[in-house]
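Student: Each chain, letter by letter, is given below.
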Amino acid sequence: MGDIVKHSRLSFLAVCIGLLAVGPVAYAHHGTANYDTGKSITVKGVVTGFDFVNPHVQIFWEAKDDSGTMQKWQGELTSPNRLSRVGWTKSSIKPGDTINISGYPTKSGSNEIWIQKVVMGNGEELPTGMGN
Amino acid sequence: MRNRVVAFVLAVVAAAALSSALPAQTGQGPGSAKPAAASAPAPAHDLSGVWNMHSTPAQRKYTGNTYTAEPPAMTPWATEKYNGEKPSNGPRTHSLQETDDPVLKECLPPGTPRIYLQPFPFQIVQTPKEIFILFEYDHTIRQIFMDGRAHPDDITPTYMGHSIGKWEGDTLVVDTVGFNDKTWLDRDGHPHSDQLHVTERFHRADRDNMTIDITMEDPKALVKPWVSSQLNFQLHPEWDIMELACTDNGAFLGFEK
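Protein sequences appear in the order of chains P and S.
When the letters of the first sequence are read in order and numbered with the working numbering, they come out as residues 1 to 132.
When the letters of the second sequence are read in order and numbered with the working numbering, they come out as residues 133 to 389.
So that you can see chain P by itself, here it is in the shape it has in the complex (with noise of 0.2 Å):
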């Protein structure tokens, strides 16, 4: 990611910044220090994969950023147990789907998010499983 990249990228995420609290689920999970828990971004594209495996499930996608540019973007959801038991199952999610994927923004500003709130293009939230 060149700088080109991350200018083009911050004024799309200043579209998209809002506050976010802190909650107590920052300290459930592990590996949070590479995660900004006190922004939330949103990000709206096409799933070109989807993991539904140990430890951490993961979701793929591609969208397009201020300039134009196809950008690919991959989050990070909790454990396939936890989400199978709020209903999900291996093909919850597919390649070509539409999805807007909201969460916390990593410090680096990577192409990453630590999911917090999916919505299908069909407009259908699906819960993330981090009530259990």
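Hints were generated in silico from the structure; no laboratory data involved.
Some clues are possibly wrong.
The calculated lysine-lysine pairs, modelled on DSS-like cross-linking and capped at a C-alpha distance of 27 Å, are [what the hints assert, rightly or not]:
#, chain 1, residue 1, chain 2, residue 2
1, P, Lys44, P, Lys107
2, P, Lys107, P, Lys117
3, P, Lys39, P, Lys117
4, S, Lys193, P, Lys117
5, S, Lys193, P, Lys39
6, S, Lys237, S, Lys218
7, S, Lys218, P, Lys39
8, P, Lys117, P, Lys64
9, S, Lys237, S, Lys261
10, P, Lys107, S, Lys193
11, S, Lys314, S, Lys218
12, P, Lys39, P, Lys72
13, P, Lys107, P, Lys64
14, S, Lys237, P, Lys107
15, S, Lys314, S, Lys237
16, P, Lys107, S, Lys218
17, P, Lys90, P, Lys72
18, P, Lys72, P, Lys44
With chain P fixed as given, assemble chain S onto it according to the hints.
Tutor: Chain S in isolation, oriented as in the chain P frame:
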């Protein structure tokens, strides 16, 4: 003291049975927002089922990584060790690449009672002479001997310890010793030695709610016993224990072995 505890427990159980028309207390600790909806009475001497930690809002501030709001009183040996650890949970968080948490870095068994802090359910299976606790986290099993045996004299140290249990009224009391020193007491990095002695008291307040009181004693690590009261667990009859292999963490993080 013990007789008074038993009498109190029996009185609570009797009162609960008599007042079964009223909403049952869940046994949730301070900070509970409201009493839970009515549940069925607890079956006698039966903790069977799939359970998941269900902390009160006040407890949730620390049960992601430890047992109490206040830290334990550690010996100088333990304090020095604690200061050198790099946990990946709690207020001293490090990245997964930097952490020296033995569970995250090496997939070592979490030990007792830390296994309760891994955020996955467990299933209690009771047979006449043993109680098994099957933890979803990394297929960890605890075996609690209920046949009246004592701990062996020359015990081989293990990660999870050697557990013996007995019923005191409606409370299952489990005594565990025989630990190695390769685990942390919690996810914060509080250390223990091989002299660790853990006492758990399981009490099922009603069909759906169970509390576990945990006392940790360790003359090398703790100045006085570290007591965790009323960790709350909720029954989930609709869940099955699933597989979760810690070794998958290594692939995810790209660790080279």
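Student: Which hint numbers doesn't this structure obey?
Tutor: 9
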